[in-house]
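*Asks:* Use the sequences and the hints to build the structure in full.
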Amino acid sequence: MTDPVEDYLDELYAALRVSPRTGRRILAETEDHLRDAVADGLAHGLSEDAAAHRAVQRFGPSGAVARAHRVRLNRRPPAAAGAGMIRMAWLLAAVGLIAIGVSGAVAAGMTAVFGHAFVGGTPAGTTWSAADCGHFLAVWPSAHGCAQAAALENSADAVSLRGLAGVGGLILLAGYRAAGRWRGTGRGWGLDGLPDSFPPAVGTVVFGTAGVLLTGIAIDLAAFDDGHGTGFYLSGGIVALGVAAGYAVPLYRALLAGLTLPAATATGSARSAPG
Amino acid sequence: MLHDRLKGNLDLLLLAVLEDGPAHGYAVITALRDRSDGGFDLAEGTVYPALHRLEGTGLLGSRWATIGGRRRRVYEITQQGAAALATERARWQRFARSVHAVVGSLA
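Chains A and B, in that order, are what the protein sequence lines are.
Counted the way the numbering used here counts, the first sequence spans residues 1 to 275.
Counted the way the numbering used here counts, the second sequence spans residues 1001 to 1107.
These aren't lab readings, by the way, just hints derived from the structure by calculation.
Hints may contain errors.
Unchecked claim - Coverage of chain B stretches by chain A, computed from C-beta distances (three or more under 8 Å per stretch; other residues unrestricted):
#, segment
1, 1017 to 1029
2, 1050 to 1058
3, 1068 to 1074
4, 1090 to 1097
C-beta: ideal position from N, C-alpha, C; glycine also.
*Replies:* Next comes the structure, spelled out in structure tokens:
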């Protein structure tokens, strides 16, 4: 004998056509509700089967319920969308700064493996003012000349300043999570005011563009110059492309969820369906 | 006709139920049915989109909580929701008084 509750959840799942996260929440709440309703029916003397059928019937046709959810998701008030944009920008800034911090660690690794010139070096023929040269040599007195001192200074800055940016990103992320908890919505605010595919699309484009540009500069330096400073850009490019790939996964899922799925057959009698 | 009235006032009803304290969806719907003495015969599943919408507009908050050993989504009215409820309640009372003045006594 089939379980009417399980059958109903299957139908609702097929009819929802929303993002995986939204779908999981809707299904979890629906199952909770139906299990409670079945327990109530049993407490009132109904058989297991009758209680399950009554619970499903009272919940309403799966098609109508799915439609009500889709209408809700497509009708986003401007204020919610504006707040969603601010939250998205906040999260994007935090992720961006953390990515810069990670690129600092990658730059440190590249410096250790390939040397200071690979990360902090400048193309042959670069000239510095006497003041700049004096500053580099004052900070790196053991350097053999201005170019080497500049490379040491640049590679050290690539690590320390990017590390500082990463710390700033972690603080921003902690603030984002704390604001979500203060608002009573768990670990984060979520981005409910925006279409499910929008935040990952923005993340993919922003970080993907940055990654391609930085990697392109690095390839240009390596291929058409003496390779000095390649690591400075390559470290950023690698991390940016990694973050873009991280955003591309939820983007792909959100787009996949938006594709048309076979509509489920509605069950239960027609009942009032508020919007 | 009742459906249309209910549709127009569902937000007010949900906020009023949650004014008594945080509750999960089933408890909200049960309270709605009990307090209306069975008068609001909703397709229960369509109340959840309304709860989600109120959450999206900041009038409700929600979180996962473990209740009776089960993980449940619990809804809670926000300060903004409480203010909206007070406004809508006053508006509804004015409207009901006006209707009553025209239609007459219920008894």
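*Asks:* All the hints need checking, so say for each whether the structure fits it.
*Replies:* Now the hints, each set against the structure:
no.: 1; hint: 1017 to 1029; verdict: holds (count 4)
no.: 2; hint: 1050 to 1058; verdict: holds (count 7)
no.: 3; hint: 1068 to 1074; verdict: holds (count 4)
no.: 4; hint: 1090 to 1097; verdict: violated (count 0)
Violated hints amount to a single one, hint 4; each of the other numbered hints is respected by the structure.
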